[in-house]
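Peer 1: Next come the chains, spelled out residue by residue.
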Amino acid sequence: MTCGTLLRSGFLAVASLALLASAAAAQPGPKLDISITPVTTTFPLSDPDTVPIVAATPVQITYRIRQNDGPWTLTVLANGDLLAGPASVDISNVTWVATPAPPFQNGVLSKTVAQRLASGTGTVNPARQGQVTFRLANSWTYTAGLYTQTIVFTLTTP
Amino acid sequence: MPVASPLSFSLLLIASLAIAAPAGAQTATSTFSANLGGIAKLSFSSNALSFPDADPDTVPLIAAAGGAITITAKARASLAATVTLTVLAADDLRSGVETIPASALTWTGSGAGFVNGTVSRATPQVVASWTGSGIRMGTQTYRFQNSWSYRTGTYSVSLLYTLVSP
Numbered sequence: 001m002t003c004g005t006l007l008r009s010g011f012l013a014v015a016s017l018a019l020l021a022s023a024a025a026a027q028p029g030p031k032l033d034i035s036i037t038p039v040t041t042t043f044p045l046s047d048p049d050t051v052p053i054v055a056a057t058p059v060q061i062t063y064r065i066r067q068n069d070g071p072w073t074l075t076v077l078a079n080g081d082l083l084a085g086p087a088s089v090d091i092s093n094v095t096w097v098a099t100p101a102p103p104f105q106n107g108v109l110s111k112t113v114a115q116r117l118a119s120g121t122g123t124v125n126p127a128r129q130g131q132v133t134f135r136l137a138n139s140w141t142y143t144a145g146l147y148t149q150t151i152v153f154t155l156t157t158p
Numbered sequence: 001m002p003v004a005s006p007l008s009f010s011l012l013l014i015a016s017l018a019i020a021a022p023a024g025a026q027t028a029t030s031t032f033s034a035n036l037g038g039i040a041k042l043s044f045s046s047n048a049l050s051f052p053d054a055d056p057d058t059v060p061l062i063a064a065a066g067g068a069i070t071i072t073a074k075a076r077a078s079l080a081a082t083v084t085l086t087v088l089a090a091d092d093l094r095s096g097v098e099t100i101p102a103s104a105l106t107w108t109g110s111g112a113g114f115v116n117g118t119v120s121r122a123t124p125q126v127v128a129s130w131t132g133s134g135i136r137m138g139t140q141t142y143r144f145q146n147s148w149s150y151r152t153g154t155y156s157v158s159l160l161y162t163l164v165s166p
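Quick mapping for you: the protein sequence lines, in order, are chains F and W. Here the working numbering is used: the first residue of the first sequence is 1, the next is one more, and so on. Here the working numbering is used: the first residue of the second sequence is 1, the next is one more, and so on.
In case anyone wonders, no lab produced these hints; they're calculated from the structure. Heads up, the beta-carbon is just placed ideally off N, CA and C, and yes, glycines get one too. Some clues are possibly wrong.
Reference excerpt, derived from the structure (chain F facing chain W, CB under 7 Å, subset only) [what the hints assert, rightly or not]:
#	residue
1	149
2	152
3	155
4	157
One-sided excerpt, in silico: chain W residues whose CB lies under 10 Å from chain F [stated by the list, open to error]:
#	residue
5	26
6	29
7	30
8	33
9	34
10	38
11	39
12	75
13	81
14	132
15	133
Simulated restraints on C-beta separations [as the list claims (entries may be wrong)]:
#	chain 1	residue 1	chain 2	residue 2	range
16	W	90	F	50	22 to 32 Å
17	F	86	W	120	35 to 45 Å
18	W	25	F	90	26 to 36 Å
19	F	114	W	37	29 to 39 Å
20	W	56	F	146	49 to 59 Å
21	F	112	W	122	55 to 65 Å
22	F	86	W	122	32 to 42 Å
Please work from the sequences and hints to get the whole structure.
Peer 2: Shown next, in the form of structure tokens:
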């Protein structure tokens, strides 16, 4: 090995590091923002005969998608059934109506598979809003109680 | 034996960086709160009963003219709680100053949870009972104990039904 070879190798090593650094800077990825208001959705007490479907106060979803060329999806997933101590109400009794459509769509909550709430392509900037009204199928067969459960909204790009 | 140059090594790293770039994801959570409190509702196929006059010898027990009353009891109760339907007479059967004891009214019940009984003006009597929430239906067929000892008249009484769950 000559001295000239060593110098050439050192130059190539420095060049490769510079390429890595520029690659990292050029890999910003999509920038996603989502917020929910209000964070607590309440279903009021209602007579199942007169109010067979109990609507909660609408939820406002604010979302923004930047630096994205591909598709995006907003999903919703329940962490479990509605629970009140040992009593439970299957989360599939909760449906939703969402606007505007598109990109939003109506659906049924699941505790096992994230359900698509909205989808689109590219950027959404400035932020936009959607409105989701969750609705609980009322029934005399439910055990009395104050039920709670956490719902997770996820905004993703592939 | 060929040796990879530093340049080709750096390209390999860049390629792997592109593949390993994480997908974008942001989450927000919301809490559901559903007030499914205890509620109850009671309905009857008829709100009035009448007993026709009859010979006490041939008809010692007079059946109500309208036949059986169908009762629908709807209740949302706590887990494993007992739901009870009771009936209580507001007074004895009364026709002016004349009275016939409320206990002259008896009934037979049919349907899950329904029992037979005798009306009282002092203590609520159980008509039916169940466990937990749900919609229940059954019938009550009232009979009036006929007697030669009653004074003539048109007697009436109000019956109060109560559906409760602790």
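Peer 1: Does each hint hold? Answer for all of them.
Peer 2: Each hint, compared with the structure:
1. With a cut of 7 Å, the hint placing residue 149 of chain F at the interface with chain W holds, because the nearest CB-to-CB distance is about 5 Å.
2. For the restraint placing residue 152 of chain F at the interface with chain W, the shortest Cβ-Cβ distance is roughly 5 Å, inside the 7 Å limit, so the hint holds.
3. The interface hint given for residue 155 of chain F holds, since its Cβ lies 5 Å from the closest Cβ of chain W, which is under the 7 Å cut-off.
4. Because the closest C-beta pair between residue 157 of chain F and chain W is about 4 Å apart, less than 7 Å, the hint holds.
5. At a threshold of 10 Å, the smallest CB-CB gap from residue 26 of chain W to chain F is about 4 Å, leaving the interface hint in force.
6. Interface hint at residue 29 of chain W: satisfied, since its Cβ lies 5 Å from the closest Cβ of chain F, which is below the 10 Å cut-off.
7. Hint on residue 30 of chain W holds. Least Cβ distance to chain F is approximately 5 Å, under the 10 Å limit.
8. The criterion of a C-beta within 10 Å of any C-beta in chain F is met by residue 33 of chain W, whose closest approach is roughly 5 Å, and the hint holds.
9. For residue 34 of chain W, the shortest C-beta to C-beta distance to chain F is roughly 4 Å, which falls under 10 Å, so the interface hint holds.
10. Interface restraint check for residue 38 of chain W: the shortest CB-CB distance to chain F comes to about 4 Å, inside 10 Å, so the restraint holds.
11. Here the hint on residue 39 of chain W is kept, as its CB sits about 6 Å from the closest CB of chain F, short of 10 Å.
12. Nearest Cβ of chain F to the Cβ of residue 75 of chain W: about 7 Å, under the 10 Å cut. The hint holds.
13. The interface hint given for residue 81 of chain W holds, since its Cβ lies 8 Å from the closest Cβ of chain F, which is under the 10 Å cut-off.
14. The interface hint given for residue 132 of chain W is met, as the beta carbon of that residue sits about 7 Å from the closest beta carbon of chain F, less than 10 Å.
15. Restraint check, residue 133 of chain W versus chain F: the minimum CB separation of about 5 Å is within 10 Å; hint holds.
16. Separated by about 29 Å at the C-beta atoms, residue 90 of chain W and residue 50 of chain F satisfy the suggested range of 22 to 32 Å.
17. Against the hinted window of 35 to 45 Å, the Cβ-Cβ separation of residue 86 of chain F and residue 120 of chain W comes to about 37 Å, which satisfies the hint.
18. Judged by the Cβ atoms, the range 26 to 36 Å given for residue 25 of chain W and residue 90 of chain F holds: they are separated by roughly 27 Å.
19. Remark: the range hint 29 to 39 Å for residue 114 of chain F to residue 37 of chain W is upheld by a beta-carbon distance near 31 Å.
20. Judged by the Cβ atoms, the range 49 to 59 Å given for residue 56 of chain W and residue 146 of chain F holds: they are separated by roughly 57 Å.
21. Against the hinted window of 55 to 65 Å, the Cβ-Cβ separation of residue 112 of chain F and residue 122 of chain W comes to about 56 Å, which satisfies the hint.
22. One distance hint, 32 to 42 Å for the beta-carbon pair residue 86 of chain F and residue 122 of chain W, holds here, with the actual separation near 39 Å.
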